[in-house]
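Peer 1: One line per chain: the protein sequences are A and B, in this order. Its first residue numbered 2, the first sequence is counted upward by one per residue in our numbering. Its first residue numbered 2, the second sequence is counted upward by one per residue in our numbering.
Each hint should be verified, as a subset may be incorrect.
[Stated by the list, open to error] Result set (EDC-like, lysine to aspartate or glutamate): computed pairs, CA atoms no more than 20 Å apart in a straight line:
1) LYS135(A) x GLU86(B)
2) LYS77(B) x GLU228(A)
3) LYS77(B) x GLU183(B)
4) LYS135(A) x GLU37(A)
[To be verified] Label pairs and their in silico Cβ distance ranges:
5) GLN132(A) x LYS88(B): 16 to 26 Å
6) SER136(A) x ASN214(B): 23 to 33 Å
7) SER140(B) x LEU128(A): 34 to 44 Å
8) THR187(B) x PHE155(A): 53 to 63 Å
9) ASP112(A) x GLU113(B): 43 to 53 Å
10) SER140(B) x ALA268(A): 35 to 45 Å
11) GLU113(B) x ASN189(A): 46 to 56 Å
12) SER136(A) x THR187(B): 41 to 51 Å
13) ALA24(B) x PHE16(A): 45 to 55 Å
[Claimed, not checked] Covered by chain B, according to a simulated footprint, are these stretches of chain A (three or more residues, beta-carbon under 8 Å):
14) 79-90
15) 204-210
16) 262-275
These are calculated hints, taken from the structure and not from any lab test. Every residue gets a Cβ at the ideal spot worked out from N, C-alpha and C, and that includes glycine.
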Amino acid sequence: MKVSSSKSQVSSLRFGVGLIVLLIAVLAIAVFLGSEKLAFLELTDEQSAILFDIRLPRILLGATVGVSLALAGASLQSLLRNPLAEPYLLGVSNGAALGTMLAFIFFAGVDAARPLMAFAGASLATLAVYQMAKSRAGMSVERLILSGVIVTTFLSSILVLLTSLLDAAKLRSFTFWLLGDLSQATKNGFYLTLIVAALGTIVLSSQARALNLMMIGERDAFDFGVEVGRTRLIVFTTAAGLVGVSVAASGSVGYVGLIVPHLVRLAIGSDNRLVIPFSAVAGAIFVVLADTVARVAIAPRELPVGAITALVGAPLFVYLLRR
Amino acid sequence: MLEVQNIAINYGVCAVVADVSFALEARKIIALLGANGAGKTTLLKSLNGALPVSAGEIRLDGNLIENYSRREIARKITVIAQETETKFPVSVAEFVLSGRFAHGAAFGWETENDLRVALDCLERCDLQNYENRRMNRLSGGERQRVVLARALATKAKILLLDEPTANLDLAHQALLFRLIKERCETDAASAIVITHDLNLASEFADEIILLKNGRIEAKGEPRKVLTEENLQKVFDVNVLLDENPISKKSRVTTIY
Chain A
2 MKVSSSKSQV
12 SSLRFGVGLI
22 VLLIAVLAIA
32 VFLGSEKLAF
42 LELTDEQSAI
52 LFDIRLPRIL
62 LGATVGVSLA
72 LAGASLQSLL
82 RNPLAEPYLL
92 GVSNGAALGT
102 MLAFIFFAGV
112 DAARPLMAFA
122 GASLATLAVY
132 QMAKSRAGMS
142 VERLILSGVI
152 VTTFLSSILV
162 LLTSLLDAAK
172 LRSFTFWLLG
182 DLSQATKNGF
192 YLTLIVAALG
202 TIVLSSQARA
212 LNLMMIGERD
222 AFDFGVEVGR
232 TRLIVFTTAA
242 GLVGVSVAAS
252 GSVGYVGLIV
262 PHLVRLAIGS
272 DNRLVIPFSA
282 VAGAIFVVLA
292 DTVARVAIAP
302 RELPVGAITA
312 LVGAPLFVYL
322 LRR
Chain B
2 MLEVQNIAIN
12 YGVCAVVADV
22 SFALEARKII
32 ALLGANGAGK
42 TTLLKSLNGA
52 LPVSAGEIRL
62 DGNLIENYSR
72 REIARKITVI
82 AQETETKFPV
92 SVAEFVLSGR
102 FAHGAAFGWE
112 TENDLRVALD
122 CLERCDLQNY
132 ENRRMNRLSG
142 GERQRVVLAR
152 ALATKAKILL
162 LDEPTANLDL
172 AHQALLFRLI
182 KERCETDAAS
192 AIVITHDLNL
202 ASEFADEIIL
212 LKNGRIEAKG
222 EPRKVLTEEN
232 LQKVFDVNVL
242 LDENPISKKS
252 RVTTIY
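Bound conformation, chain A alone:
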């Protein structure tokens, strides 16, 4: 194994370098493409504003949201021993969306209220799904997904009730936002998600070895030295934080947490010490790419990025479920 392990280390390293090169390439392409053709060498003031105040914040926000959602998916999957666990499918994103919306209605003037209440909503939804799914016989894949469906639809109905109170002009932008939309990106939104994504990467990487044991079994992890309760609390809280600030900035972009870790595991196996950081990079690539498609596919009109990710993610979900 010495030989094969150093071989696999080399191939992991190669994969990581490849991902970073790909991320840079995708970011560059995203900057160049757009409904407004920019002459990069001689930007007018208006074009400069489009580039620096609209397009760049949007691309960078897409990257940090991708990082956050992929991290949340990868860690929740290992913690819950379920390759189908995903913030959007478990209702965590909807919890965050409801929190954001309540902040929007009751604390419209306070900027900090939206991510904070999104975090609270995500945490409560996580707790609700976990309590519903767990039983004395353990937690089956199906039971967890069904609990997620119930929490998702329940929260959706409250969201619909609340949106019906909005006036028609706001309704369209809210509907887009609910589907996952990066067009409202702001620099501040990007900075906040950047900080949280960086913290999340560090915290979850520190739990990667414990998550490797959790992935095998909760009882096994306990017997072999993992403080199961503490690990669960750290991972749930971090995932809720990542999802909360992402949703507050860009709505519920679905399936990122499902697709990205799955592809990463296909490439390099299931060791979380690799899966977690590589999913972070791959998540950024995936969302920036999906949002570029959303921006240019029917230009000058735009699609919500969540529609693109779901278009890819839903078939993959079916494949994983039937496997």
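Put chain B on the given structure of chain A with help from the hints.
Peer 2: Chain B only, in chain A's frame:
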């Protein structure tokens, strides 16, 4: 050294284990026998703190078990439980290395030594060249041996085994007991084994505990505990007792 003093374990209002006391000394193997539902697995789970006791106390090397951290316990006590199945493509090497979790840093990578220990344990369990295989592609018996290899890789001095031979063929059953026995003799380790195989218990155990309805019905060396009367009481079967001509230990034959 594991000392159990008058422990009781309740599920809700239902008492599953009551008034159980015994001591596990270095180099000893205790076989825990009893009918289905007698409380064997529940008792075993409490011994590494996985289930809280509602009365009595468990001492590990003289100190109460609840005063140890999970990592400290995992370095001293290891478990072979009924197998678990993972949906993720975990390799045999990764699985066995998880037995080294309590030794290194809680994050970071395994050391060269961890790797050496893991490979050595795989080889002892007749699993050389299995390290890159996927756990979910193995047969039940192969998986069971990987579970044994992971337990051995912890280097813990106390082994708790819950029906470790359930999926194993005859040769590997004997291999498992030889490995446990060897670990007990050379490393001053000790083991508690739940089994339904009375003859394996008779051959390998230094002491047998017969459990009935959560209480100890009989306890002592195999020859004294394995009596027609005790087995009739605990398992509700008639048996023929004689002596294994090779090992000179008690041999149990069920009369159907």
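Peer 1: Given the hint of 43 to 53 Å, is the C-beta distance from ASP112(A) to GLU113(B) inside that range or not?
Peer 2: About 51 Å separates the Cβ atoms of ASP112(A) and GLU113(B), which means 43 to 53 Å holds.
Peer 1: 46 to 56 Å was suggested as the range; check whether the CB atoms of GLU113(B) and ASN189(A) agree with it.
Peer 2: Since GLU113(B) and ASN189(A) have Cβ atoms about 48 Å apart, the given range 46 to 56 Å holds.
Peer 1: Keeping to a limit of 20 Å between CA atoms, is the pair of LYS77(B) and GLU183(B) held or broken?
Peer 2: 17 Å, holds
Peer 1: Would you say the C-beta atoms of GLN132(A) and LYS88(B) sit inside 16 to 26 Å of each other?
Peer 2: 22 Å, holds
Peer 1: Holds or violated: LYS77(B) with GLU228(A), Cα cutoff 20 Å?
Peer 2: This hinted pair holds, its Cα atoms lying about 16 Å apart.
Peer 1: Given the hint of 35 to 45 Å, is the C-beta distance from SER140(B) to ALA268(A) inside that range or not?
Peer 2: With Cβ atoms ~28 Å apart, the hint is violated.
Peer 1: Kindly confirm whether 41 to 51 Å is satisfied by the beta carbon distance between SER136(A) and THR187(B).
Peer 2: Hint holds: Cβ distance 43 Å, inside 41 to 51 Å.
Peer 1: For THR187(B) and PHE155(A), compare the CB-CB distance with the range 53 to 63 Å and indicate the outcome.
Peer 2: About 59 Å separates the Cβ atoms of THR187(B) and PHE155(A), which means 53 to 63 Å holds.
Peer 1: Starting from the hint 34 to 44 Å, judge whether the C-beta atoms of SER140(B) and LEU128(A) obey it.
Peer 2: 39 Å, holds
Peer 1: LYS135(A) and GLU37(A): Cα distance at most 20 Å?
Peer 2: 51 Å, violated
Peer 1: Examine the region 262-275 of chain A: at least three residues should have C-beta closer than 8 Å to a C-beta of chain B.
Peer 2: Since three or more residues must qualify, the claim that chain B covers the region 262-275 of chain A holds, with 5 doing so at under 8 Å.
Peer 1: The region 204-210 of chain A covered by chain B? Criterion: 3 or more residues, Cβ-Cβ distance below 8 Å.
Peer 2: Our answer is that it holds, as 5 residues pass the Cβ test (under 8 Å) against chain B, meeting three.
This entry does not satisfy hints 4 and 10, going by the numbered hints stated previously.
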